[in-house]
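Between the sequences and the hints, there should be enough to build the whole structure, so can you do that?
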Amino acid sequence: PYEFFESCRQKYGDVFSFMLLGKIMTVYLGPKGHEFVFNAKLSDVSAEDAYKHLTTPVFGKGVIYDCPNSRLMEQKKFAKFALTTDSFKRYVPKIREEILNYFVTDESFKLKEKTHGVANVMKTQPEITIFTASRSLFGDEMRRIFDRSFAQLYSDLDKGFTPINFVFPNLPLPHYWRRDAAQKKISATYMKEIKSRRDRGDIDPNRDLIDSLLIHSTYKDGVKMTDQEIANLLIGILMGGQHTSASTSAWFLLHLGEKPHLQDVIYQEVVELLKEKGGD
5 PYEFFESCRQ KYGDVFSFML LGKIMTVYLG PKGHEFVFNA KLSDVSAEDA YKHLTTPVFG
65 KGVIYDCPNS RLMEQKKFAK FALTTDSFKR YVPKIREEIL NYFVTDESFK LKEKTHGVAN
125 VMKTQPEITI FTASRSLFGD EMRRIFDRSF AQLYSDLDKG FTPINFVFPN LPLPHYWRRD
185 AAQKKISATY MKEIKSRRDR GDIDPNRDLI DSLLIHSTYK DGVKMTDQEI ANLLIGILMG
245 GQHTSASTSA WFLLHLGEKP HLQDVIYQEV VELLKEKGGD
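Taking the working numbering, the leading residue of the sequence shown gets 5, the next gets one more, and so forth.
A couple of the hints might just be wrong.
Unchecked claim - Mimicking DSSO-like on lysine-lysine, the simulated pairs with C-alpha atoms at most 27 Å apart in a straight line are:
| no. | residue 1 | residue 2 |
| --- | --- | --- |
| 1 | Lys45 | Lys81 |
| 2 | Lys80 | Lys27 |
| 3 | Lys80 | Lys163 |
| 4 | Lys163 | Lys188 |
| 5 | Lys81 | Lys263 |
| 6 | Lys189 | Lys56 |
| 7 | Lys65 | Lys84 |
| 8 | Lys27 | Lys163 |
| 9 | Lys27 | Lys45 |
| 10 | Lys65 | Lys80 |
| 11 | Lys98 | Lys65 |
| 12 | Lys188 | Lys81 |
| 13 | Lys93 | Lys81 |
| 14 | Lys163 | Lys65 |
| 15 | Lys199 | Lys189 |
| 16 | Lys36 | Lys15 |
| 17 | Lys224 | Lys199 |
| 18 | Lys98 | Lys80 |
| 19 | Lys196 | Lys163 |
| 20 | Lys65 | Lys196 |
| 21 | Lys56 | Lys84 |
| 22 | Lys27 | Lys56 |
| 23 | Lys263 | Lys127 |
| 24 | Lys263 | Lys65 |
| 25 | Lys188 | Lys199 |
| 26 | Lys80 | Lys224 |
| 27 | Lys93 | Lys45 |
| 28 | Lys199 | Lys98 |
| 29 | Lys281 | Lys84 |
| 30 | Lys84 | Lys224 |
What the hints contain is simulated information worked out from the structure, not anything from laboratory work. If you're wondering where the values come from, they're calculated on a predicted model, not measured in any experiment.
What follows is the structure, given as structure tokens:
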């Protein structure tokens, strides 16, 4: 409600509170407001209290905001073992292959048959992101599981991040049921792969994120993440990256479609930058 925020800002300044469904909501705007929100001390604020009831039904228990902040910081470090520069270099050709294949096979594009057309970027971009992320982060075997029906499961999870979910974590409504069913199925899929790799002893620290977490998932106090928590963290990592990447790329493409005169300009800029890096 941007108009409401702006109206209150003019009346009360950059910081004000209001009641919403029995809860006090405080809004921080402007440079000082942003400074307070983004650089607040853990002794003053708690992201867990703010987001736990929203994220736990989507990601699962024991990860992200369903644990102390110190645990979340260590979980981020665990994930970084698989996000090195060398890893990114291995991911690039996989991402390229996935995108080109999508352009050839998806009904929205069919580049071998079409020279123009209309695509729903709010559908295509989440799918492309899921396919590229699963291939690069989780490996080729897991990518084969990620068909369009699996991408739909992530879409159902994504719909668990709405304002009504923030206020009411659980309601007897269809989109809540789809969220819970998707979480259960995705989690079970990851658990099956984790168990399979452990049983086979097939764990390579340089292969993908799953293997990396199976090796690097012991907290400083000696407590090890359970396999279920690792599966939940995998959901959170892919979900977080998918949400922002899909939204940003859809926004970018919509603007390019609205301003076609910029397409060649941007293309040439990318070509020149690649030439500087030794590309052809």
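Hint check results:
no.	hint	verdict
1	Lys45 <-> Lys81	20 Å, holds
2	Lys80 <-> Lys27	31 Å, violated
3	Lys80 <-> Lys163	24 Å, holds
4	Lys163 <-> Lys188	15 Å, holds
5	Lys81 <-> Lys263	41 Å, violated
6	Lys189 <-> Lys56	21 Å, holds
7	Lys65 <-> Lys84	21 Å, holds
8	Lys27 <-> Lys163	23 Å, holds
9	Lys27 <-> Lys45	22 Å, holds
10	Lys65 <-> Lys80	16 Å, holds
11	Lys98 <-> Lys65	31 Å, violated
12	Lys188 <-> Lys81	26 Å, holds
13	Lys93 <-> Lys81	20 Å, holds
14	Lys163 <-> Lys65	19 Å, holds
15	Lys199 <-> Lys189	15 Å, holds
16	Lys36 <-> Lys15	17 Å, holds
17	Lys224 <-> Lys199	24 Å, holds
18	Lys98 <-> Lys80	24 Å, holds
19	Lys196 <-> Lys163	25 Å, holds
20	Lys65 <-> Lys196	18 Å, holds
21	Lys56 <-> Lys84	23 Å, holds
22	Lys27 <-> Lys56	16 Å, holds
23	Lys263 <-> Lys127	21 Å, holds
24	Lys263 <-> Lys65	44 Å, violated
25	Lys188 <-> Lys199	16 Å, holds
26	Lys80 <-> Lys224	13 Å, holds
27	Lys93 <-> Lys45	36 Å, violated
28	Lys199 <-> Lys98	25 Å, holds
29	Lys281 <-> Lys84	26 Å, holds
30	Lys84 <-> Lys224	16 Å, holds
Hint compliance for this structure: hints 2, 5, 11, 24 and 27 are not met, and every other hint is.
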